[in-house]
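Chains A and B, in that order, are what the protein sequence lines are. Each residue of the first sequence is one higher than the one before, counting from 1 in our numbering. Each residue of the second sequence is one higher than the one before, counting from 1 in our numbering.
Think of the hints as simulated: they come from the structure by calculation, not from any bench. Errors might be hidden in some of the hints.
Said to hold, decoys possible - Derived lysine-lysine pairs resembling DSS-like cross-links, with alpha carbons at most 27 Å apart:
| no. | chain 1 | residue 1 | chain 2 | residue 2 |
| --- | --- | --- | --- | --- |
| 1 | A | K244 | A | K268 |
| 2 | A | K67 | A | K130 |
| 3 | A | K115 | B | K226 |
| 4 | B | K226 | A | K67 |
| 5 | A | K240 | A | K228 |
| 6 | A | K173 | A | K27 |
| 7 | A | K242 | A | K228 |
| 8 | A | K244 | A | K228 |
| 9 | B | K226 | A | K173 |
What the hints assert, rightly or not - Residues on chain B that point at chain A, a partial pick, calculated with CB under 7 Å:
| no. | residue |
| --- | --- |
| 10 | T210 |
| 11 | S220 |
| 12 | R228 |
All C-beta atoms, glycine included, are put in the ideal place defined by N, C-alpha and C.
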Amino acid sequence: MIHINNLSYRYTGGTLALDSVNMSINKGEFVALIGKNGCGKTTLVRHLNALLIPTDGSVSVFGMDTKDTPKVWNIRQAVGMVFQNPQNQFVGTTLEEDVAFGPENLALPQNEIRKRVDMALREVGLLEYKTRAPKTLSGGQMQRAAIAGVLAMEPECIVFDEVTSMLDPESRKMILDTIRQLHHNGKTIIYVTQRIGEILPFAGRIISMDNGRIEFMGTPREYLASVKSHVPAITSLMRKLKAKGFDVRDDVFAVDDAFLEITKACMKGYEEERNTDNG
Amino acid sequence: MDELFRSYIPNSSPLHRLDPRTKLVSLMVISILVLQAFTFTGLGLFAAFFVLLAYLSGVGTGAFLRSIRPMLMFFAFIFLMHLFLTEGEPIFRIGLVHPTFEGLVLGTVITTRFVLLILFASLLTATTRPSMITNGIERMLRHIPLNRIGLSSFDIATMMSLAIYFVPVLMDNAHQVRYAQISRGLDIRHNMFRGVSTTITPMIRGSLHTADDLATAMESRCYQGKYRTSLFELRMRTVDWCVLCGISCVVFLFSGYANY
């Protein structure tokens, strides 16, 4: 669906932000893009809907090259993007007007716009707030509104660029649930984040970047096996348990899996003890 | 300031249901007529007309008072300027200061005009969603060849609706910058203008940053500044044409009198 070929990008100031990046994203995938601040994650995803044009190499979305200017609007319709600051991506004076902004730009007829706005707001659970002014919404609600604004354009793929970094834990969980639901409904998801822990349980593939290059690409388990530090707290706990001699797997990152592993190890220990007692 | 941007009061009165273009044109015509009113009878007529419309709109008096309040200083200034600076028969005399009877009449007339202007304008904003106002303006501008100066009616409409949303946001930012500086020791108890220059720099930087973010978000949602449709398409109904006819008749009637 998306093919990136030898992509390099140099900012006008002269810094090389991306250095020969190669990757493909398939339809229906959930890809997490991780890495430190300034490693080129945002620059990379901004190439996916032609907000940035490669200095070198190419990006193709559904067979359309992003350098092909007349196709830019089709590309932007196919790949939607939600940004970090919910406040700075609001354009309407009410929620429904904001969600309608995209379909209006596509010059759709009024009844189609109405249908899409209601559909998108229902999908993120904000339909009853549709006539509210943005100022009366919470950060989490605004971010969900921004997602609705993208959904109303019916994109195949949605890029989330650090969308939870300004939210409280409760809203963060709601946003993640919404994103998971969208993936479940067949959307391709590209999720950019610095919080590895929040995305490991959902992502099908992890791509880690450093200094404008791709450092790692693989499943969450493979990712955990490849890194020494900066692992989720749960994984760190499992590693410590294993080092103490407990028979647990150390590539676990979800609470439920960890619980299962630990109880299994405890049961095993208990049985061994009983056997030696009996013997 | 915030109230200016939250003046819309949802209702389903006849005034709410009028097309925004009808209301905009009527407001322009009424404003011109009010600015030419010179007698108390003329002004009284407009005031009565306003009361009738306000009653029809079903909007409480509170909304109108709110729109007048921020302008009170301005009204007082205009009234006093005319009271003291108009030549004529003095009411009393203290030193060089001598308010005149002519000034009293002129000040009252001019201040009343401005009050009426604000009231009629607030009637528009109270009965029309901000997006409908921008939509109406866009539809009226669509017939003007703005592309000769590199603009489109859609650009102007988008700019207006962005301004409506962003003025309160920028005000919030300004407050934040201010608080950040007060918390670092800026003392504004004695002089509230102190630190204005240090407030303005981060504010402008912040606004430019916001504008940049916003432009990216708009572009990624396919904003091209060219032809676009709207969630609320406008339709002139018979009642709209009737109102416009009525307004034309009023203009015709008033144009017969030089002084009203």
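Checklist entry - Within a Cα-Cα threshold of 27 Å, do K244 of chain A and K268 of chain A meet the stated pairing? => result Status holds; Cα separation ~16 Å.
Checklist entry - If you draw a straight line from the CA of K242 of chain A to the CA of K228 of chain A, is it 27 Å or shorter? => result Distance ~14 Å between K242 of chain A and K228 of chain A Cα, so the pair holds.
Next on the checklist: Would the hint linking K115 of chain A and K226 of chain B be met if the CA-CA limit is 27 Å?
Outcome noted: holds, 23 Å
Item to check | Satisfaction of hint between K67 of chain A and K226 of chain B, Cα-Cα up to 27 Å | outcome: holds, 21 Å
Checklist entry - Given the proposed pairing of K226 of chain B with K173 of chain A, does the C-alpha separation stay at or below 27 Å? => result violated, 38 Å
Checklist entry - Holds or violated: is the Cβ of R228 of chain B closer than 7 Å to a Cβ in chain A? => result holds, 5 Å
Checklist entry - Holds or violated: K244 of chain A with K228 of chain A, Cα cutoff 27 Å? => result holds, 17 Å
Checklist entry - Against chain A, is T210 of chain B within 7 Å by beta-carbon distance? => result Constraint on T210 of chain B satisfied, holds at 5 Å.
Next on the checklist: Against the 27 Å threshold, does the CA-CA distance of K67 of chain A and K130 of chain A hold or violate the hint?
Outcome noted: violated, 37 Å
Checklist entry - Is the Cα-Cα distance between K240 of chain A and K228 of chain A 27 Å or less? => result Between K240 of chain A and K228 of chain A the Cα gap is close to 12 Å, so the pair holds against 27 Å.
Checklist entry - Is the shortest C-beta separation between S220 of chain B and chain A less than 7 Å? => result holds, 5 Å
Checklist entry - Regarding the pair K173 of chain A and K27 of chain A, is the alpha-carbon distance no greater than 27 Å? => result OK: K173 of chain A and K27 of chain A at ~25 Å, within 27 Å.
Going through the hint list in order, the structure does not satisfy hints 2 and 9.
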